[in-house]
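**Q** Each chain, written out:
There are 2 protein chains.
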Amino acid sequence: MSGDLGPRVVIAAALELLDSIPELQLILVGDQGQLEPLLALAQISPDRLRIHHAPDRVSMDDEPLSALRHKKTSSMWVALELVRDDQAQACVSAGNTGALMAMSRHLIKTLPGIDRPAICKSMPVAEGRSLMLDLGANLECTPEQLQQFAHMGSVLARATGDTQPKVALLNIGIEENKGTEVLQAAHRLLREDQRLNYVGFIEASDILAGRVQVIVCDGFSGNVALKASEGVARLIRQKMREAFQRSFWRKLLAVCASPVLRQLSVELNPAAYNGASFLGLHKIVVKSHGSADQRAFAQALRVAIEQVSQKIPERIAAQL
Amino acid sequence: MSGDLGPRVVIAAALELLDSIPELQLILVGDQGQLEPLLALAQISPDRLRIHHAPDRVSMDDEPLSALRHKKTSSMWVALELVRDDQAQACVSAGNTGALMAMSRHLIKTLPGIDRPAICKSMPVAEGRSLMLDLGANLECTPEQLQQFAHMGSVLARATGDTQPKVALLNIGIEENKGTEVLQAAHRLLREDQRLNYVGFIEASDILAGRVQVIVCDGFSGNVALKASEGVARLIRQKMREAFQRSFWRKLLAVCASPVLRQLSVELNPAAYNGASFLGLHKIVVKSHGSADQRAFAQALRVAIEQVSQKIPERIAAQL
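Going line by line, the protein sequences match chains R and X.
Taking our numbering, I'd label the letters of the first sequence as residues 1 to 320.
Taking our numbering, I'd label the letters of the second sequence as residues 1 to 320.
If you're looking for bench data, these hints aren't it; they were derived computationally from the structure.
Careful: at least some of the hints might be erroneous.
Heads up, the list lumps identical chains together, so a pair's fine if it works in one copy or across two of them.
No farther apart than 30 Å at their CA atoms in a straight line, the calculated lysine-lysine pairs in the BS3-like style are these [as the list claims (entries may be wrong)]:
| # | residue 1 | residue 2 |
| --- | --- | --- |
| 1 | K166 | K72 |
| 2 | K178 | K109 |
| 3 | K251 | K166 |
| 4 | K239 | K166 |
| 5 | K178 | K72 |
| 6 | K178 | K311 |
| 7 | K178 | K251 |
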């Protein structure tokens, strides 16, 4: 029921994926009164797509602890219960991140060996694929928690194609003596850990270079790196639009250049990377960006589907 | 003597500014044997530009404490001594940042009321002007240190044109309850501080929006935000080059579009923002990026010149 664009986006994305993935089944959790009319024209069998009613919803400004206490009939809570009770294998939500994490930890709980789940996303890298975690669930971390993130990220990277994913710790320099005491201690832990392909520190300017497959950081730094990147991309897009609008000649140029610019836009489009996983829980929970359109939400669904296919929670449990 | 491109860049930038600023006088500190030949053809009077010999130099991998002990005849040390002894009003260096900060704190010392100096830079914002500090000198900060940064940034912003600069704390969300305990405490301190125009938290995605004139953060977060931004800009430039090279038609398009692309390149060019100030010292010290070309190094010189004109250290001392 969340997301700036409301349930229509979710439903459109759902129908798109049901069409391309025959074995997929989806449950839409939310206000039956609002959802039923939106499904009325969809030619889809109820055993592939059904509505599970939930009368309440978490709002974007609900405090996590408050949501835990007062939103037990919200679509978010009910959806997570369905996952806890194995009526679904994953939950995807565009709603309040803090509430989603608090409810997930409460209802679905964390795997043994994991202190706290981390929020993990794919980064739009120059080559290959890179994952980064934590992106905001744990603002300050112990060295052991950073080590757990390294393992979870490696498991996900291996399950999705990288045989010996390189792991690096986000730092303000690559030299061994750089960074806080926690980073120094984490560096020593990871260096000794034979199960990890740890390559040392990485600076934030190299996150998108694609030379490292798993980038580990505390949630504050990860969130700052991610949002700073989004801010720059947004500014550049704005400047490009302005630059190409400044005169008739330029607008003409923009028309000619549009296939190129559009391709760029696709390659750098955050929507293609929508879908942040809560790694470390017993079951799969994926958070979509609140402003996601159909394409972006469909991507978040794909992230969840891939993790279901690859049995990510079981693999993480086996690793630790 | 530092910088990837060596003394030629510094000298070229020096000559450029001596030409446009009649009251400017510069001292080049370094190896006389290397510098004299480079100045041979320059038509400039020695009372405007002279060489001060220093036999040694700090290397890029020197540890700060080691440099303090063993590099007392380096150009960096000697230049800072000249500033300390009022033979110069500012020092600009492209060398080892850690060593420059350690030597500055040792030789020039910090102003009363300031625990530790902060590294501060202008950000390439959509509108107006924004300063951000700390960018790496102090990895973890107390709330009081963040408050001092807020004051130093405000002083610099006011001296360079903003009458009531808005100050914000970098955080992972704008809601009052977001962030670490240190940020919460800093928030309360700044909110009570009548001398500051404190507007609350700011997310990293809004650093370049230009709505806030002073962005305050600990050195780790600031460094991550800055470097992440640089990484994205670099990736986008690379992708644009690739996109426009893919075929003959596209190369032709690139030629037509080149004035537009070049203008964009100028607007977003980090060189235009080169020059990080060490705020909080008794005298002015500015750090240039190591890879600076003439244009960028000239910008770093201008940053120092502006702070000398505006008597920034005296204003900071008066504020606290």
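**Q** So, for every hint listed, does it hold in this structure?
**A** The hints, checked one at a time:
Neither within a single protomer nor between protomers do K166 and K72 lie at most 30 Å apart by alpha-carbon distance, with minima of 41 Å and 41 Å respectively. In this assembly of identical chains, the alpha carbons of K178 and K109 lie at most 30 Å apart only when taken from different copies (23 Å versus 35 Å within one copy). Proximity of K251 and K166 under a CA criterion of 30 Å is satisfied in neither setting, with 44 Å inside one chain copy and 36 Å between copies. Taking the shortest Cα distances, K239 and K166 sit within 30 Å of each other only across copies (24 Å), while inside one copy they are farther apart (35 Å).
Proximity of K178 to K72 under the C-alpha cut-off of 30 Å is restricted to the inter-copy arrangement: shortest distance 24 Å between copies versus 46 Å within a copy. Taking the closest pair of Cα atoms, K178 and K311 never come within 30 Å of each other, the shortest separation being 37 Å inside a single copy and 33 Å across copies. Taking identical chains as interchangeable, the C-alpha atoms of K178 and K251 are never at most 30 Å apart, the minima being 48 Å within one chain and 43 Å between chains.
In the structure shown, a violation is registered for the earlier hints numbered 1, 3, 6 and 7, in ascending order.
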